[in-house]
Every structure is written in structure tokens, then in C-alpha cells.
Amino acid sequence: MNLVEYEHIAVEQACKQFWNAAAIYKTEGLSDKPKYYVLDMFPYPSGAGLHVGHPLGYISSDIVARKRRMEGYQVLHPMGFDAFGLPAEQYAIQTGIHPSVSTRQNIDRYREQLVNIGLSYDWSREVITCQPEYYRWTQWIFLQLFHHYYDTSADRALPISKLVEQFEHGGSTSVHASCSETLQFSAEAWNAMSLKERDDLLMNYRLAFRRISHVNWCDALGTVLANDEIKDGVSERGGHPVEKRPMMQWALRITAYSERLLRDMETLEWSEALKTMQRNWIGKSKGCAIFFDLEEGGDKLEVYSTRPDTIFGASFLALAPEHPLAEQLCAGELMESLMEYRKLANVSADRERKNANGFFTQKYALHPFTNERLPVWIAEYVLIEYGTGAIMGVPGHDLRDEAFAQKFSLPIRKVIDFSGYPVTDIEQKTGVLVNSQFLDGLDVSDAIDRAIGELELAGRGYGKTVYKMRDANFSRQRYWGEPIPVIYDANGCSIPLDESQLPLELPHLSNLEPGSGGKSPLSAAAEWGLTPQGQRETDTMPGYAGSSWYFLRYMDPHNDQSFASKEALSYWRDVDLYIGGTEHAVGHLMYSRFWHKFLFDLGYVPTSEPFRKLVNQGMIQGVIESVFLLKQEGTPAVNRFISASVADRFPAGQLAKIPVHLDFVEDANTPAAHLSLAGLKKFLQWRPEFAGSHFLNEHAEGHLGELPPDFTLKTHSEIGKMSKRYHNVVNPDDVIREYGADCFRMYEMFLGPIEQSKPWDTHGIDGVAKFLKKYFALFFNEEGHFHLVDEEPTREELQTLHQCIKKVSQDIDSLSLNTCVSAFMICVNELRRIQCSNRRILLPLTRLMAPFAPFITEHIWKLSGHEGSIHLSSYPNWDEVLTERTEVHYPVSINGKKRFEWIVAKSLGEEELRSGVLELPEIKKWLGGADPKKIILVPGRMINIVV
RNA sequence: GCCGAAAUGGCGGAACUGGUAGACGCGCUGGACUCAAAAUCCAGUGACCCUAAAAGUCGUGUGGGUUCGAGUCCCACUUUCGGCACCA
66 MNLVEYEHIA VEQACKQFWN AAAIYKTEGL SDKPKYYVLD MFPYPSGAGL HVGHPLGYIS
126 SDIVARKRRM EGYQVLHPMG FDAFGLPAEQ YAIQTGIHPS VSTRQNIDRY REQLVNIGLS
186 YDWSREVITC QPEYYRWTQW IFLQLFHHYY DTSADRALPI SKLVEQFEHG GSTSVHASCS
246 ETLQFSAEAW NAMSLKERDD LLMNYRLAFR RISHVNWCDA LGTVLANDEI KDGVSERGGH
306 PVEKRPMMQW ALRITAYSER LLRDMETLEW SEALKTMQRN WIGKSKGCAI FFDLEEGGDK
366 LEVYSTRPDT IFGASFLALA PEHPLAEQLC AGELMESLME YRKLANVSAD RERKNANGFF
426 TQKYALHPFT NERLPVWIAE YVLIEYGTGA IMGVPGHDLR DEAFAQKFSL PIRKVIDFSG
486 YPVTDIEQKT GVLVNSQFLD GLDVSDAIDR AIGELELAGR GYGKTVYKMR DANFSRQRYW
546 GEPIPVIYDA NGCSIPLDES QLPLELPHLS NLEPGSGGKS PLSAAAEWGL TPQGQRETDT
606 MPGYAGSSWY FLRYMDPHND QSFASKEALS YWRDVDLYIG GTEHAVGHLM YSRFWHKFLF
666 DLGYVPTSEP FRKLVNQGMI QGVIESVFLL KQEGTPAVNR FISASVADRF PAGQLAKIPV
726 HLDFVEDANT PAAHLSLAGL KKFLQWRPEF AGSHFLNEHA EGHLGELPPD FTLKTHSEIG
786 KMSKRYHNVV NPDDVIREYG ADCFRMYEMF LGPIEQSKPW DTHGIDGVAK FLKKYFALFF
846 NEEGHFHLVD EEPTREELQT LHQCIKKVSQ DIDSLSLNTC VSAFMICVNE LRRIQCSNRR
906 ILLPLTRLMA PFAPFITEHI WKLSGHEGSI HLSSYPNWDE VLTERTEVHY PVSINGKKRF
966 EWIVAKSLGE EELRSGVLEL PEIKKWLGGA DPKKIILVPG RMINIVV
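Residue numbers for the first sequence follow this note's numbering, beginning at 66 and rising by one.
Bear in mind the hints are in silico, worked out from the structure with no lab data behind them. We put the CB at the ideal spot given by N, CA and C, even for glycine. Careful: at least some of the hints might be erroneous.
Said to hold, decoys possible - Heads up, simulated SDA-like pairs for lysine to any residue below, C-alpha to C-alpha not over 25 Å straight-line:
hint : residue 1 : residue 2
1    : Lys309    : Asp284
2    : Lys351    : Glu519
3    : Lys533    : Ala842
4    : Lys227    : Leu267
5    : Lys227    : Thr217
6    : Lys722    : Lys746
7    : Lys838    : Ser881
8    : Lys98     : Gly137
9    : Lys340    : Lys835
10   : Lys823    : Thr859
11   : Lys989    : Glu975
12   : Lys927    : Glu976
13   : Lys533    : Thr495
14   : Lys838    : Ile899
15   : Lys963    : Glu976
16   : Lys351    : Arg325
17   : Lys747    : His116
18   : Lys81     : Ser189
19   : Lys835    : Lys227
20   : Lys927    : Ala842
Said to hold, decoys possible - Between beta-carbon pairs, the in silico distance windows are:
hint : residue 1 : residue 2 : range
21   : Glu324    : Ile560    : 27 to 35 Å
22   : Arg535    : Gln502    : 52 to 60 Å
23   : Pro986    : Thr332    : 53 to 61 Å
Turn these sequences into a full structure, and let the hints steer you where they fit.
The structure is reproduced here in C-alpha cells:
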């Protein structure tokens, strides 16, 4: 078999050159062919390069793209880079290497790795977000958002000029617009406003607008932190204090689109799990606003509740410490406590504010129906961000209110009778109302409607739907991002740049340290920042700006008249298949849908949703091998490493787990995983700070020189993330060099279903390597010459081939790519067994395999005398008749338990089967003379005899 | 805490709408080739019972249920992994 070796390195080199020179993956312009758009999620080019986990999705989408191409579709299968981002900026601060330089290097490295895997991208369409030709249009979309508002009666975005017209003629009265707060003013008032006042007022409506946001500010680092950069109230880096700080920030009014983002999800072919995640993020809840009069008069207190049915169970009201009315209520001696609570609320992250802490304001509100005096409290667990920042406390039917009431001895009233319903907890939404006047006897859902109706009738409230989703912060105090194309004049009015002034290029800066007072590093670019009209905005756009519309740019990547031409947009429309990881499940997908809907409202794109079908790929995990280091108290004379085999002799708290480089470990990921003396030596060279350490196992202890030659230190194995920090990263380049790209691709697919996470184990790759060798050997005779016979194939050969075509075609369409590889193995094993060298069998098989193994199949295609590329040939079809077997294997069961396999001709009828089966000696034995009660026969499937 | 997904040999996994559990591959065992090894090829490989074969028994996280028949459907639970988190 081994006469001719497949030289993967030379073949892959030649193929890459050929594909490149013939531009076979170039997507032609618009055509009459049906289109198919296969997209991978935009990678951020990190300095570490790709590891074997990344390409899982890329290979899957590439297989689909190649199949569609061979099926005659016009395929768009592009790749590019999300190139702005914090890591490059931090790297620059550490090393002095400018982000533009490191980013370019990282991109080149990524591209080379992707090309090596044989992915069929049209690189002429590459998109890189940090290039001015691209971010010009990111800035352009931002300006469109700035110039539009969301009209709630038209249910779409409209130009802000329309809104201004309405203000001029009727003030705010006839306006239906999404806004930050509901404002009331007359046309006269509007017309009398200064430019600055109008500018401020319009910010209440614009889809891109400025507002004061509370951000996590870390004074020591001089920067704003993300939620996940904070641990236990202090910064993860350095452990410095973090506080909430109000800052003027740009934001996008994504909340205007909440309902459409929710509703349109119904039409998408996304997994239910993913849709649920997005639904939870949007978090729609129906409830109502209720006004409570304060006993002392003055402003009403507005609370929001999703359980207005429990209004007769309310025994107190509670406000967030930050609530604007709190100051008024706490005027005097309580002010000090209020300020303390505000401070407390300020430092603790929202997620930590769950304690039943608070104080009584000494003031009372009046119940809208009973006029009962309800005490008003300030409570830590009430958040200003949600609803109205005030709640009615119903301790009988809300667990947090219950805890609060118990702590402060407030009355707890039950107003729902749960008897007759399975009780889970007091918050459940079933039961019958009691002690509730006009609600008595109603069940919960009717009572909610009735309560809202009565409140509206009494002018004491109104039905209101709220969404958990918040408007998205759009300002970043960073250098490496798109500049925001806005200038502020002397009065502080915002002046958007004109389209003709785009792109607003990012100036070159060498010092990227944060500016003073929470400003972006760009504030140091004085010359750039100062314009005749005023001072430029120095904040930049966040990471998600560039990635929210990149999929549109691929349709027409070099257009300098618009972000993409109308023709290209109407031909390509939307993404047919989008593959990527769950880490983007909420953020990126939500923002992209929002931008897309906005562009749809403006008539720029033909679809209201960008991604028709979406598949989340699982993670490829790595093996983490660690050694145990015994923590020494005081000043340790010597470090002691403990074999995992004796680790249980020491208290777990005394052992530190140190990840060790996977290459040093023998029998990794088995119970026998260990470091031999040679491994220990490598370990000490790698971590010289442990030189002279002692190693201890069940037999011996000592430093390296003292240990017996057969000494082994057992390591601790677990499955986890593949990451630099665990020293377990497997680089695809290394695998490809040893086994070839085809083998790498097929093995990644063979590992398991695409959506599932699974561990990488390089050992298993041998099976795929053997398979490819066997496949290759089919084309060579015993003398080692390429040899195919051109004659009528046998029925057996045809059946083997057509069964494989059917299985693989169907499984690619359902993205079950692991079973495709099995099908190829079965087919090749079978063809080998029957010594097939038939051209009419082996070449269709080769075309079938081309999407999986693009290199070796191209090579065979050339050897068999073809001029063009196999990837531009046609995809094979199957003949159903040829896939069928001529006989049926019936499992015969007695009482559902299989006892015998009966092979009969397919032509046999049902009656013949029924009578025939009882005549079988094997069955007679089981019947023991008795008559069967029943025979269940599923034609072509099975026979079951009930006795 | 809430939401979602999953659990099948030593390992990765297969099994379409309930119908032969363990396809395919890794690993392991034995054999062939070889002076020997590697590579390659052939055979075996869920557990139990048995000298062996045949036959049998048990087996898809746990406990129940529906059904002629359950990995697949229903109920309860356990564990693991993801996501979100005081959403009033």
C-alpha cells in the first residue's frame, strides 16, 4: 500500500499557488446564479495567533461554502479582522510598539495561518476595521444615528429635522418619539430656546446622543473599567478602589428597537437557547406605574410593579438611595444617613447590592385605594436603574421584600390564596386574590388586568411595559478606536462633521497613557483636536462599532461612494449561514441587529434582519496538567513538589496547583500522567526559580540529582480552556506541518458535533491520517503508478459510492460534519476491500471529498488528467435506487427483546413475513409451542412477537 | 438564585420522526512481516457468567411512569458545562 507517499507539504504549496494564480475563490460580481453568503465571526487578531480551537467554525463554514460553490451557487465567503481594541493599546503602553504596527503583524500572522488551513476565502474582499477606508463608513453610520430619532407611531427611525419641525409648530404635544425622559414644552418655548438649549434637548431624542452615564471609575489606574475588570469592588489589576462616577458619554438608543429586536427573532433560524439569551437580555415585562401621594403633599411617588394585583398587600414603599426624591424626604438630620447609603451604593457593583439594608425616612405615603399610611424607606436593594427606582414593598409575595420586612418588623400580608395550586414559593403567579376589595375572588392574571384598569380609572397609574435592556454606552476613553466625528463649539453645542469630511482619521500618537481627569489619550493631540469650529471629541468608539456592520461591507468592500452599493446589497441581501462562538451571543449579535434595522429603516438595506441562520460552535478544550507545590510557612528552605499520587496526604489548602507545560508530561490526560526525570529536568529549565526544589512521591524524596532513575512525579490532569496561561495551546501550524492541512481539517470535524465542546487530543489524529493514506492508495497500482480503469462499475461499487454521497450531502446540509468523516472512512474501507480502481467510482468520491480535503483531492484531480480546479467542478448527486439494499435484515424480538436476525428478500410481503417468522426454528424455540398474542411488524424495520 | 444545554464502553463519539445500543476512530490485547524495532497489515475488544464456544443475564447519570418496544417520550432528582444576575 505504501509504495507512493502523499507529499503533503509540496502538494499544499503547489495548490496554494495554483488557487492564488487562478483566483478560484474570487467571488465574481453580481450574476443570475442564486447567491449564498457564508460568514465566520470576525476575529480579533490577538498576539498569540490561532490555536486549534479557533478554526473549528472556520472549517465547518468552509465545507459548506465549497459544497455550495460546487452546487452552482454564487458564494460569498469572506474574512477580515476586527482590528481596533484594548489589548493592542495595552501592549503599546507596555512595549512602546504602536497598535497600528502590532495589529498589522498580528493580522499577517492570522491570515497566513488561515491560508495554511486551506480556507476558501476571497481575500480580495478582506475588511480591516482600523483602516480609514473602512471606518469612514462606521463614522458615517454614527452620523446617521445622530441625525435620526425613533418615531414610535411610524415605528421606524426618521430624520431629526422632522422632529424639529414638529417642535416649531406644536412643541412636544404631538410628538411620539423614543426618548430618555418625557418632556413637556410648547412651540413658543422651543422657539425661544438658545442653540445650546436646543442641542441639549435634541439629545433626548437622537439615536446617537450624549448623556451623563455612571461608569466604573478607577482613580489609581486613571481609567474606566468594565464590569468584569472589577472583583470584589476593587480593580482586578492592582486591587485599587473603584467608584461609580458620572461622566458625559455618547450612547446609542438601542432601547428604541427593543420590541422589534424581540419580535423579529421569531423569523430567525437560531437555536432556541440563543434566542432565549437575547430575550432575557431584552427582558420585556408588562406591569404598571402606580402613583402614591405623599402624606405631606408635594410630588407624587411613582413606583413600577409587575404585580399590581398584590397592591393590597403593600405595607411599605422603598426608594433607591440615588432616587431624586430621596433628598427631599431625608432633608434634615437624615441627610447624613442618605449620603452614607449613596456612597455605599456607589462603590458596590449592582450585583452585590442584595442586602436587606435601609432606613426609615419618617415619612408616609398614602395607599391609592385604602388611603392607608405606608412608611417610606430607603433601601439598598432597590436599584435606580430599573423601573422608576422606587417600589411598593409586598412582603407577602416578594422574597426580597419579605426579607426586608422581616428585618425591620414591617407587616407581612397575604393577599393570594394558593390552596388548590401546587405551591412553589410566595412569588408564584397563580392563585386567587383575597383581602383585596374589588380584586377578591379573581385569579392572578385577571387581577393584574383589573388592578391596572382600576388604577387608570382613578388616575392613579397606567399600564406600562418596561425592558431590562439599557441604552448602549458608546464612548471609550481610549486611543485605539474610531474617532467620533463631532466638534464642540465655544458654547458646548455639538457640531457633527459633514459626510464630505470623512474619514476623520486617528492621529498618530506615541504616548498612549490615559489623559488627565478621565480623558482619552487623544486629548493630548492638541493640534488634531483644535479646529476653527471648536474642539474635537476625544473619546473614541467602542469595539462593537466596527463589527456591527462589517458583514455588509464584504458585499462591496472597495466602494468609496457608499458603504456598499444598492446593487450589491440587493443581490447579497443577508447572511445565509453565520457560524461563531457563544461569547458573542448577546453583545455583538444584538448591536448588529440594531444597526441593521436602523439602516433598513433608512432604506439602505433590503432586509430587516442580517443573519438568517446562525450556529454556535462549541469550544475545543485543552488538557491542563499541573504539579502540586507544598506551600511552606515562614521562610522556606526549599520548595517541595508533591506527586499527585500522594497529594491526599496533605491538606488541600496547603497545595498550590502549578500548570506545567504540556510537552513535558508523559501519558498526558491519562491516570498515568507524570513527569519522568527528563520531564522534571525540562520543567526546571523552564521555571529556573524552582531550581533545587525537592520532589516527593510514595517511594522517594529529594532534589533532581538525588532521585532514583525510575522516579516519576504524577501530575494532575483536567480538561479546560486552551490558553497561554495553562501552557497547553496547540498550534494548528504544527499539526499541519506534521499531518497536512486536509488531515487537520478532517480531524477537527471528526472530533464531534459542531455545537458541542470537546477536548483536543492529538493522538486521535492518526486514524484520520491512516484513512487519507488508504484513500490515496486506491489510485495506485502495485508498481506504484497512478492507475484507474474506465469500465462499467459493479452494483456493489455503485451502492458503496451512492450511499456515501447521500449520507455526506445530507449531513453537510444539517452541519453534522463528524458523521461525514465516518461515512468517508466506511466508503474507503469498503472500496479497498473490493479492490476498486474504477474511475467512475473514485473520481465522484474525490469530488465528494473536495470540500473536506481540498488539497489531496485537487492533487488527485490533476493526476487524473484534469486541467481546471476540482473546486470549480460539480458536486456529485446520488441515485436513490442505487443506495438501497436488495435484502432486509429484520431483528426479530420476543416481548421487545431481540433474539434473532432474519435476512429476507426485500420483495417479501407483510403476510409472508408474518407467517414465515413463526416457522423459524429459532423462534419456535422461544414460543415453546404457545401461540403468540400479537405480532408487531414495521415493514423494513423490525418484527416483535408478544407472547 | 434564575435561564439554557448536556450526561452513552478505557477515551472522542454514532443511533433519521420511539424499532438491532455502542457505527467510525483512538487506545488496548493477540497474530503476521522483521535478526529486532518502527511502520504496515489481519483478528479481537461494553460488563458479568463460562476452560472455550453456544446460550444466557445486566447494561445509555439516578428513581419512577407510558408503551408490544424507551438512549430517544412524561414526572421527580443528581451532576457537569455555559449564560444572566436584586429586572420590582
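To see whether the hints hold, each was checked on the structure:
For the hint pairing lysine 309 with aspartate 284, the CA-to-CA distance comes to about 11 Å; that is within 25 Å, so the pair holds. A distance of roughly 16 Å separates the Cα atoms of lysine 351 and glutamate 519; the hinted pair therefore holds under the 25 Å criterion. A C-alpha spacing of about 61 Å is found between lysine 533 and alanine 842, which places the hinted pair above 25 Å, so the restraint is violated. Using a Cα cut-off of 25 Å, the hinted pair lysine 227 and leucine 267 holds, with the two alpha carbons roughly 12 Å apart.
For the proposed pair lysine 227 and threonine 217, the alpha carbon gap of about 13 Å is at most 25 Å, so the pair holds. Under the criterion of a C-alpha separation no larger than 25 Å, the hint pairing lysine 722 with lysine 746 is consistent with the structure, at around 19 Å. The straight-line distance between the Cα atoms of lysine 838 and serine 881 is roughly 24 Å, inside the 25 Å bound, and the hint therefore holds. For the hint linking lysine 98 to glycine 137, the alpha-carbon distance of about 7 Å falls within 25 Å, and the restraint holds.
Between lysine 340 and lysine 835 the CA atoms are separated by roughly 41 Å; this puts the pair beyond 25 Å, and the hint is violated. Between the alpha carbons of lysine 823 and threonine 859 the distance comes to roughly 41 Å, so the proposed pair goes past 25 Å and is violated. Between lysine 989 and glutamate 975 the CA atoms are separated by roughly 19 Å; this keeps the pair inside 25 Å, and the hint holds. Only pairs whose Cα atoms come within 25 Å are accepted, and lysine 927 paired with glutamate 976 is rejected, the gap being roughly 55 Å.
About 24 Å separates the Cα atoms of lysine 533 and threonine 495, which keeps this hinted pair within 25 Å; it holds. Restraint check: the Cα-Cα separation between lysine 838 and isoleucine 899 comes to about 17 Å, which is no more than 25 Å; the hinted pair holds. This hinted pair checks out: lysine 963 and glutamate 976 have alpha carbons roughly 21 Å apart, not beyond 25 Å. Distance restraint check for lysine 351 and arginine 325: the Cα-Cα separation of roughly 16 Å lies within the 25 Å cut-off, and the hinted pair is therefore satisfied.
Taking the CA atoms of lysine 747 and histidine 116, the gap is near 23 Å; set against the 25 Å cutoff, the hint holds. Only pairs whose Cα atoms come within 25 Å are accepted, and lysine 81 paired with serine 189 is accepted, the gap being roughly 15 Å. A hinted pair counts as satisfied when its Cα atoms are at most 25 Å apart, and lysine 835 with lysine 227 does not qualify at roughly 69 Å. Distance restraint check for lysine 927 and alanine 842: the Cα-Cα separation of roughly 16 Å lies within the 25 Å cut-off, and the hinted pair is therefore satisfied.
The hint said 27 to 35 Å for the Cβ distance between glutamate 324 and isoleucine 560, and at roughly 33 Å that hint holds. Remark: the range hint 52 to 60 Å for arginine 535 to glutamine 502 is contradicted by a beta-carbon distance near 37 Å. Distance hint check for proline 986 and threonine 332: the Cβ-Cβ separation is about 60 Å, which falls inside the suggested range of 53 to 61 Å.
Checked against the numbered hints given earlier, the structure breaks hints 3, 9, 10, 12, 19 and 22 and satisfies all the rest.
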